[in-house]
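**Student:** Here is how the chains run, residue by residue.
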Amino acid sequence: MDITALLKASLQDIFMTMIPLELTEGTQSVDLSAAAVFHVSGMIGVSGHYQGMLALHCSNEVAEAITIAFLMLEEGEQVESSDLKDAIGELVNMVAGGLKGGFATHDIDISIAVPTTIAGRAYTINCLSNASWVNIPFRLESGDLTLEFKYRETA
Amino acid sequence: MGKRILIVDDSSTMRKIVARSLRQAGLDFSEILEAADGQLAIDLLATEKVDIILSDINMPNMNGLEFLKAKSEIDAIKDIPVVVISTEGGADIIGEATSLGAKGSIKKPFTADAIEQVLGPLL
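Line by line, the protein sequences are chains A and B.
The numbering of the first sequence is my numbering, which starts it at 19 and goes up by one.
The numbering of the second sequence is my numbering, which starts it at 4 and goes up by one.
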């Protein structure tokens, strides 16, 4: 089973259906350690056959573009910080739902938690040690975003 | 008097998107009410009359399945139709929601057309 393909398809499906922005595959992963950039990360825990964390990282500028498109805000409407964090959390929640659905077609069951969003400069996120890691860079006109899945097979 | 719709979702973004989709779908309703989880929805339904409920499943405090069960135990609100909206479109969880009284389901991501197809016959 190709977990990378499942994750790509899940994110692309969300953009095609609900976020009218052109999403392409990228080459550059988001560097959360860069102090010059304010970043936003949406994260959600996964348990069951696979245990770990799915996360989506991007700059504040990209998160703002996603939020504007997601909420279909009019030109000039302000993006509230709470809306921005909530939108990125909901986005990673939907990616996790797509991943769960993809796993289900292979008779693999996972459960997903409630998403969390953090924002700031030069932070690191620690998850499982000795875990498998999928890191998928994407690109929007406003910048890069990275989908990351760190997991361990439990069954 | 138009219908009143209650949206139950812990994500304020998703509540706004669902509300926008309801308007885009051209459905006949007069007012949208919101609650951030199942317990807040139960509390709100004690004082507000609504005609249909759209509820997320994956929520903190009281999730959508717990909400369906709690609602089914209150005579005054047990017959209000509920449609679940969730990222979890698996047959098992939707089957559980249906067994608890859900009248339909919508999988995220969704379009306004999907909302119209499921809610139209219930309004």
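A portion of the hints provided could be inaccurate.
Stated by the list, open to error - Some residues of chain A that are not near chain B, with every Cβ distance over 12 angstroms (derived):
hint, residue
1, S47
2, L50
3, Q69
4, I136
What the hints assert, rightly or not - Residues on chain B that point at chain A, a partial pick, calculated with CB under 10 angstroms:
hint, residue
5, L25
6, K81
7, T114
Claimed, not checked - Derived DSBU-like pairs (lysine-lysine); straight-line CA-CA distance at most 30 angstroms:
hint, chain 1, residue 1, chain 2, residue 2
8, B, K6, A, K26
9, B, K6, B, K52
10, B, K6, B, K72
11, B, K19, B, K52
12, A, K26, B, K52
13, B, K106, B, K6
14, A, K168, B, K52
15, B, K19, B, K72
16, B, K6, B, K19
Simulated from the structure, these hints should not be mistaken for lab results.
Glycine included, C-beta positions come from ideal geometry on N, C-alpha and C.
**Student:** Keeping to a limit of 30 angstroms between CA atoms, is the pair of K6 of chain B and K72 of chain B held or broken?
**Tutor:** holds (24 angstroms)
**Student:** Given the proposed pairing of K6 of chain B with K26 of chain A, does the C-alpha separation stay at or below 30 angstroms?
**Tutor:** Violated. K6 of chain B to K26 of chain A sits at ~39 angstroms, over the 30 angstroms cutoff.
**Student:** Is the Cα-Cα distance between K6 of chain B and K19 of chain B 30 angstroms or less?
**Tutor:** holds (18 angstroms)
**Student:** Given a cut of 10 angstroms on the nearest C-beta pair, is the interface hint for K81 of chain B held or broken against chain A?
**Tutor:** At about 27 angstroms, which exceeds the 10 angstroms cut-off, the nearest Cβ of chain A leaves the hint on K81 of chain B violated.
**Student:** Checking a non-interface call: every C-beta of chain B should be farther than 12 angstroms from the C-beta of L50 of chain A. Is that right?
**Tutor:** holds (22 angstroms)
**Student:** Against chain A, with CB atoms and a cut of 10 angstroms, does the hint on T114 of chain B hold up?
**Tutor:** holds (6 angstroms)
**Student:** Quick check for students: does the CB of I136 of chain A sit more than 12 angstroms from each CB in chain B?
**Tutor:** Given that every Cβ of chain B is farther than 12 angstroms from that of I136 of chain A, nearest at about 16 angstroms, it holds.
**Student:** Verify the proposed pairing of K19 of chain B with K52 of chain B, using a straight-line Cα cut of 30 angstroms.
**Tutor:** holds (21 angstroms)
**Student:** For the pair we were handed, K26 of chain A and K52 of chain B, check the Cα-Cα distance against 30 angstroms.
**Tutor:** Roughly 42 angstroms between the alpha carbons, so the hint for K26 of chain A and K52 of chain B is violated.
**Student:** Minimum Cβ separation between S47 of chain A and chain B greater than 12 angstroms?
**Tutor:** holds (24 angstroms)
**Student:** For the pair supplied as a hint, K168 of chain A and K52 of chain B, is the alpha-carbon distance within the 30 angstroms limit?
**Tutor:** violated (45 angstroms)
**Student:** Please work out if K19 of chain B and K72 of chain B have their alpha carbons no farther apart than 30 angstroms.
**Tutor:** holds (26 angstroms)
Hint violations for this structure: numbers 5, 6, 8, 12, 14, all remaining hints satisfied.
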